[in-house]
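If you want the building blocks of each chain, they are given just below.
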Amino acid sequence: FPPVSFLSLHHLCLLLPSLPTDATAVRVLLSGDFKVSQAETRPGNDASDQLGAAAMEASLRAHRPAALLIFAFLSLLSVSSSAAQEIQILNAERRIDLSSQVAIVFLTLKVENTGKAAASDVLLAFPPTEAEHLAEVKAQAASGKKRKKTYAHLIVEPTDVPDAPNGAKGFRLALHNPLSPGETTTIEVLYMLTHSMEPFPAEISQSDPQLVYYRDSAYILSPYRIKQQTTFIKTPSTNVQSFSRVEPTNRAGMELKYGPYEDLPAYSYSPVLVHFENNNPFAVVEELVREVEISHWGNLQITEHYTLAHGGAKLKGVFSRVDYQSRPSASGVSSFKNLLARLPPRVHSVYYRDEIGNISSSRLRTDSRKSELEIEPRYPLFGGWKSTFIIGYGLPLEDFLFESTDGKRYLNFTFGCPLSGTVVDKLTLKVVLPEGSKDPSAVIPFPVEEHMETKYSYLDVVGRPVLVLEKKNVVPEHNIPFQVYYTFNPIFMLAEPLMLVSTVFFLFASCVAYLHIDISIRKG
Amino acid sequence: MASPESAVNGPTMTAGAASKSLRNAFGGVIAFIILVLIGVLAFSIRLFSVIKYESVIHEFDPYFNYRVTQFLSKNGIYDFWNWFDDRTWYPLGRVIGGTVYPGLTLTAGTIWKVVNSLNIPLSVETVCVFTAPIFSAFASWAAYLLTKEVKGPGAGLTAAALLAMVPSYISRSVAGSYDNEAVAIFALVFTFYLYIKTLNTGSLFYATLNALAYFYMVCSWGGYTFIINLIPMHVLLCIVTGRYSSRLYIAYAPLVVLGTLLASLVPVVGFNAVLTSEHFASFLVFIIIHVVALAYYIKGILSPKMFKVAVTLVVSAGLAVCCAVIAILIAVVASSPTKGWSGRSLTLLDPTYASKYIPIIASVSEHQPPTWPSYFMDINVLAFLVPAGIIACFMPLTDSSSFVILYIVTSVYFSGVMVRLMLVLAPAACILSGIALSEAFNVLTRSIKFQLPGIAGNPSIASEENGSSTVVAPNDIPKTEEAAKEKPAKKNRKKEKENVEKKPTPSKTEKRLLVLPLEASVIAVLLLVLLGAFYVVHCVWAAAEAYSAPSIVLTSHSNDGGLHVFDDFREAYSWLSHNTDVDDKVASWWDYGYQTTAMANRTVLVDNNTWNNTHIATVGTAMSSPEKQAWEIFHSLDVKYVLVVFGGVVGYPSDDINKFLWMVRIGGGVFPHIKEPDYLRDGQYRIDAQATPTMLNCLMYKLSYFRFVETDGKGFDRVRRTEIGKKHFKLTHFEEVFTTHHWMVRIYKLKPQRNRIRGKTKKSKSSRSVSSKRDVRGKRNPWH
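So the sequence lines, in the order shown, correspond to chains A and B.
In terms of our numbering, the first sequence opens at residue 71 and continues consecutively.
In terms of our numbering, the second sequence opens at residue 7 and continues consecutively.
The following block holds chain B by itself, in its conformation from the complex (with noise of 0.2 Å):
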């Protein structure tokens, strides 16, 4: 919670005018030790992963990246951009280097090498574990400058001290979650700055900047689309709100067609970037932006008489012109199934949108609603900082305040429909926070500092209560604005000057009629302090004990305080990786194909990538299917291994008969043949002895269930809270080759198929038999 006002002013309470320039530089000085110490922060509140756990990558697609990456260390640059990755979707494979979003990847490769090329023998993995916390303190910094270009350089300072600690960023950002939104997010706010930086200065240097920010954003998520919106939103505004300006143009224009230029150079995207539907917006107001730049030119040249006929001549000649270009448009657009939208884009315009169409969308917990708590959680007293933040936007409100407040509308819709989205949230959150509590303190202690003489006779004490809130220290009025004015246009004095003009001269008379009775400012600015620290508290919190597990790693503490590992999911990998052979394709659901092929490395048939919906069906029909259908399928794709993870033992609650249901969808959704009510006893899923038989008999249920009723006689499933529907029963297609320690992972191998035996009369009535089944069988099975 640092304020500058207070760093900043320090010293003037001995120095006089004459040491201005001095006063400047050690407030320079200060403000870059805090925004230090913020970075260093930012940095070290994301470890608590590796002092409490280690230091590994996390969870799923982490380790996806960390695969390619250590593919794009030992192959360089044009393997990676040619790679051809034949261990995952066997048999079809994919082309990683055109469907990935390189960014990321690319980055830690970077430093990798640059780090190496010092002779520091870092490995990729060490690299690609500290990414995200280094990211983060970058992203704190941009929102430090974000946050200063729209309310001053206190603003930036708490915003930036904020969103080093906000748990909604480090949940995606600890120590070894090694994914896209650690970076993402800090070029989501860096690119956000460049725009409101360039619509301050009007200079085409920071807009070229600006275009090569959007163009790293680009590279790293699938998220730029939220800017390629959100800029133009904000120019149309401005626009309809007669703010247009030279400057709005520079801002905008160049970054479209630089930017539109570049993110068609990065494979994943290619033309999509002028295509899809995603992109439109921005091109509609490029158009809109350039009609009213010539309006504004013709209106600078012409008669205002002159200037009405035009306006009509143009205006109506304008709107045929319009209606025909958007009924080409419409036509365009309709002729595709999804309206030109990416599924994901479509559930965020509606939300019920995945539910009714996309299982394979709706399944994933981060595409889901957020709960209330999870605001909490997620941005604790942020959540009501912010709309005094949007109060403070509006006075005055200028174009950088009203881009951060369409900033924050969007993003709470955004993350009212995702959960996920809650990290865009985030810096927007940030922002605003900051600059509402700057704003409150500025306030309250310029009451108190003007009411001091009020109480005159002992001011020590009132010194002494603010030097105690680390927050104020006392000080006249004028000079601490004139020092926030000075500041950064002596620091800076080539860049910006504006900053000056802009700020209004009429605030000082305004705020001197803003005083506020003493005790009452007193008070409230210690419950900012008290809310600030029960924030640090919160986020120091959510960083060592909600977001610092692995995922891959389980502990629990036993009842004499010792620490019990559940590491079954490594003992399985492990195991594979080292006792079956190098070419074996193993089967498992989605969730556990990245770890499959990073640490196995084993060619696995379906990934956490889900571009293949039919693929993963014919994998979630395999697993609800009696054993032989599930052989036979399974058997069609070369799988040799199937992998089940399986929490009963244990009571992991997110094991593959939690997410059973969603096989049966997905898998119903493309093989017709399986139904979701023959799983389910009256809407309910179940698998006690209540259970519907085709529960009980399908693969899914038979792999978990192996031999579990030998572990305590009675088959208790500590997940479900019951005993389980069918205990005793044999495999007939799988064995049992694998099973973990605490029975979290559990690996069986398909049977070879029978010999063929010769010479018998059965011969020909097996092979009838057979042959009439294969009718049935083929519209089961697609490999057939």
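Bound-form chain A, shown alone (with noise of 0.2 Å):
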């Protein structure tokens, strides 16, 4: 099998390079000469000045195809050589959902082992600039026929594919029973992108709607050779301003179909980009730091300071309050100015306040299952603003801290941002354990960074040990539980009442004292 893969030149392919930041470039563009470029462009970079992305929607629009081909290829002469002959992929089916500011791509593989020893595992390959924003990856194996269809979460790390073009980034599925030749095996993944919808024009006014770019590869980047793949695009409305064609290319109501795609080789690559109306709130929270304290005295207190913003298309001049107010439909829509906390039940004393002081416009609904904290900023958020505000709450301790079958006691509580439909670009997690514990250590699903701190509350003297995790890229899915474990003396508890009864009893002993005791000089 010829490692060597081409791409015909008919293939329609977009590629905006980083180079044509000047006006010659933009003028080779525009004049449709062909620019065959290899090996020094890079592939599916994010890209793109506004110069050349305005360049090639103009160009779009004039429906001449061939006129603006243009080539950005990968270098596809190598292949990995270990794995990727060994699998070949019978049928890729993709569904890349854009309806909201996080794109959640489902992919479904069909994997046969072509080799001639069994595969243990499966590669996954993403252009490096998906890599930045890939924010979860999730893959589970498929056994059994359609209605006894049993599902098996696999294993995914990211690992490094040494002979992946142009710094293609790759993850690893570890198989639980390795493939034996001839089997064929179906793994579903799904993974979410954030920040991958790249609003344009970068700037609205109040009454424009938010118009996005979303760039992606008509073919599924894959290591492994694939005989038949479909994409599917959905997005959040039937405006779709344009889109790239890469035949067939079909678009009905909200839908588009890139594909059927026959007999691809590995690593193909095929540039598309698509330009909808994305009016979703793009709330962005770009720094979050969540600090849980256990109090061993049966309160477990959450404080949540957060930085939000709006991520997608910045307003450009003026805010009219007139026109929000009168016209909500056709004014700010883009625009958000609620969101809404999922917290656990039985929650108690919530403030939602800033640095000058509370905020009012907020409504708190609980039952017994869940709390919910509507919120509002003091202002509603439009493209480029931004605001901060610090949420926290009481919850009863035996709800989550229990004690483990070997003494240790462990705290049970959800990683992730209770604020639902917001994207987190930096979450830092303090867990506070009490004054006195020791040998704390994190169970967390995925990987997060760890270190430790001390701080010092309410009359510590030694200072309570913290745990911070931190991790980037948080998006809902991360809200799942994660258990601390430490050892603690319960005899720590008393420390603080008895320093508070010793001193109050100096105290009065010193009173005492001074009352009796006569320190004049002179006896009169």
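Among the clues, some could well be false.
What the hints assert, rightly or not - Quick list of in silico lysine-lysine cross-link-like pairs, BS3-like style, CA-CA up to 27 Å:
| hint | chain 1 | residue 1 | chain 2 | residue 2 |
| --- | --- | --- | --- | --- |
| 1 | A | Lys384 | B | Lys733 |
| 2 | B | Lys755 | A | Lys456 |
| 3 | B | Lys646 | B | Lys733 |
| 4 | B | Lys757 | A | Lys456 |
| 5 | B | Lys736 | B | Lys755 |
| 6 | A | Lys407 | A | Lys478 |
| 7 | B | Lys733 | A | Lys386 |
| 8 | B | Lys311 | A | Lys386 |
| 9 | B | Lys755 | B | Lys733 |
It is worth saying that the hints were derived from the structure and are not from the lab.
Source: prediction; values computed, not measured.
Make one complex out of these two single chains by using the hints.
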């Protein structure tokens, strides 16, 4: 099997390299010159200054596909020799859901082992730009036939694919049962991309809808040969300004269909660009610091510091309250003014404030299963606007703190951000253990950065150990439980009360002593 | 209304003379518990603002103090003294360390530091919010001490209880009202206490403490000049009335020397402590008291005949020297334009001064003279009790009671000049009312007790009545007096001995004669209790309803009982702080300067520290100019955003349109092309169709009413209760960037300068017209 794969010229492929920043490059594009670039151009760069994008959009409208045939290709001269030759994908289906600010991709792969030896793992490949925005990859293997399908969760871990072209990043799926030669299995992969939609135009006025670009490849990037593949892209509305064509391409309502494409070699790539309307709130929590403080007197205190931003198209110039209030449907459609925080049940003493005081626009609904806190920032957030606030609440300790069989205590709490529909760029979770606890360790189902700190709170002497967990790119799928184990001797609970009692005792004792001492020099 | 007599004498019913010491100890404990309760009352009555609203800093000046405290807690004391603040008074800046009374800030900063060193993680804001209630508890204890020195512990406890809840003081010291006055009133009363204490004991120890307390007062508030004028007045009064004593000398001379030295250590006072006229009275009296002391000394060592000769000699020589000194003084004082007095002090001496010469002082509402209802609102029944207290102070007149009388008389005058100084009146009123109430109860309960044998057979009824009033307990008089005398003497046996000797012995016989009819006494006691109850009800109402609003958050009750919150100010400040560049300059009227720097952290042109009249006038001129001129003024000051407060949508009366005439006046005071009559139609200030074109075209009007007509179609202003005059207009040099939910704050951005069109024939023409305009503009805009 020849490891060299070619992509024919008449595949319409759009790729905007970061090169054409100057006017000449644009002129080249517009005049319809062929530009065949191999090797130098990097694939799928998120790219693009507006100038180039504008030029491309103009040319797209011109319906001269041949004229704007641009090549930008991966150097596909080498293909992974070890795994790739062993495995091929018989059928691949990819569904990309772009209806929120997160691109949710659902990938179904039918994998066949064509090699001689049993294959124990399957590789996935992502372009480097996508890998940066990759928030979560989950995979499961399906076995059995239609009705009796059972799913087994697969462990996904990043790996280096040494011979991947252009810095494509790999992920390794470890199969539970090695795939023996000739056998096939079905793998379902779910992954999410944050910040993958770029607003264009980047600045809009209050009455404009928000249009975004989504860039991807018409072909699934894979280290394996794919026999047959199809990609569906679901947009949030029927308003699709433009989309690249890689025949066969169909559009029906809110769905774009790329494919089916037959028999493509490994690492095939054909950039596509979809320009569509997406007015969903692009609520981005740029930084979230959650502090979970355990008190063995029965309370779990959570304090969350948010830095919220609207990650969509920036508001240009004027904000008119008249327009916003009198025409809510036509004005500021992409802005948002309230958010919903899902908190655990039995939450108490909830507060919502910022550095200059309480924010009165919030509403709390509680029932036995969940609590919902509806919050409004001080002002509606338009594109590019920011806001900061703090949410704090208390929870009964018995719901979250347990004793494990080996005598250790563990906290079972939810990772992630309680605000629904938001993306967190950087999440710092601090678990403040009671003073005197030892050997903290965290059990988390995904990789996070960990380190220890010390915090001094009410009347502490030695300080409380703080386990700090940091993770970037957090999506709602990360709201899953994690555990922190530690050992704690209950005698430490009495330290502070005893300290206070003894202070008061000594105060009174010194008073008594003072009243009974005559310190006058001359005895009268 | 705790009367200690009852407390002290409660157990004497059963106890004999042998258990006197036990009784005294018990009375002391009860008095102590009552004082603690008074402290708790003073603290907790001020928490209505936290409970009804939230724990937040109030109003305007407290935001500045809060910001300074934040700086202090973050950067330390040395950086604080050297702090040059470039975020205010742009482009001039302000030397905060040298122009601020640091007492409050240092107090709160110290509390914060102590608390945090104990690992109690209170935020600076929390400490600031609760500083005022804590210090009002201290102030009531200080009032107890002061009144105790004057008229005994009974009057002291009553005065402390009254001061704990006097509405005038509550208005300045609710939780969150983080202002100088909050600690200054404590410092004021405590300084007076130490002065009286020194006067009564003649102890140099207390005199030193007195100087330190005075130093704390100087640190805290500009009102310290009241102390340094009142005490000399009292000393002079004592000398004139022949009450000179060595105790008086010890109370006064160290205070002046040490106090002046210490006061000049405070950067904001500095050499003013010896240079300005506010302090001259103290030096003059200082000289006089030495002359008098010398005279008394000489009188002591000379025979009467020799003394007469000496007097004639000294008087003739002294007169000559005095004339010379006074002539020099007058010459020095007259050489300065304000005669050495600051503007605010002059306003006190001549109430019409500010309105004539300094509109910026006159424009502040708290510098206006009060109205009669405000006396009733702020000191309530105390206003009626004060005269009785003055009379009580005259029987017998002592050094200390004459001081209290002098205090009330001067503070009544000052409160009549400025609403704000009602605050100084409040402690005096409380002390005198405490004395009055206590004396009245003394007389009445004694009358009842004396006549109890008269209605022998049913003493239980009387005792029940008295018991129900919780003020008196039946007892026999001699014991009461003894107890009252013995108690302080025993308790502080080292400290006060002359209290006993000063208690006039003839009072016993005198009191026996003053017996009122039983029925009248009982009714009078009941009426007094009723009066007290009325006072308590009023104070609680005032604390809960009138004075607890933080003024940055407004609330209103809708018809269905729901609470509607107007949080527009913080909405705007929060928007500014998150969505503008950190170095952007924001122009607004000076009222909002402190809040903008503290809450939005943006540079402002002018703020509530109105030290530079010209700069404020520049902003006032810009606000009263047409759009183009205003743009030029603002642009020359690097302003990027203009903030106006507008209440027309929700009916918020203290908005910029209502303050606008002051902007015109202050602006016109410096830039004469702004004339107040241009904005008035027949002497009336109006914004409807009858308004003058100058008014309808000025920047303030335009920024306030831009697109206002689109809200209801008519442009009906709910504050002025009229339709606005000019409804449809466009802005050419400003653009709206933010308006809050209820339209209370509107923020505009200056449009960038137009691009110059090149190579057009217009160019030469336009440039010529610009240059010709510049000559005109040169006068108007001080920055070109």
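Any hints from earlier that this structure breaks? Give me their numbers in increasing order, please.
-> 1, 6, 8
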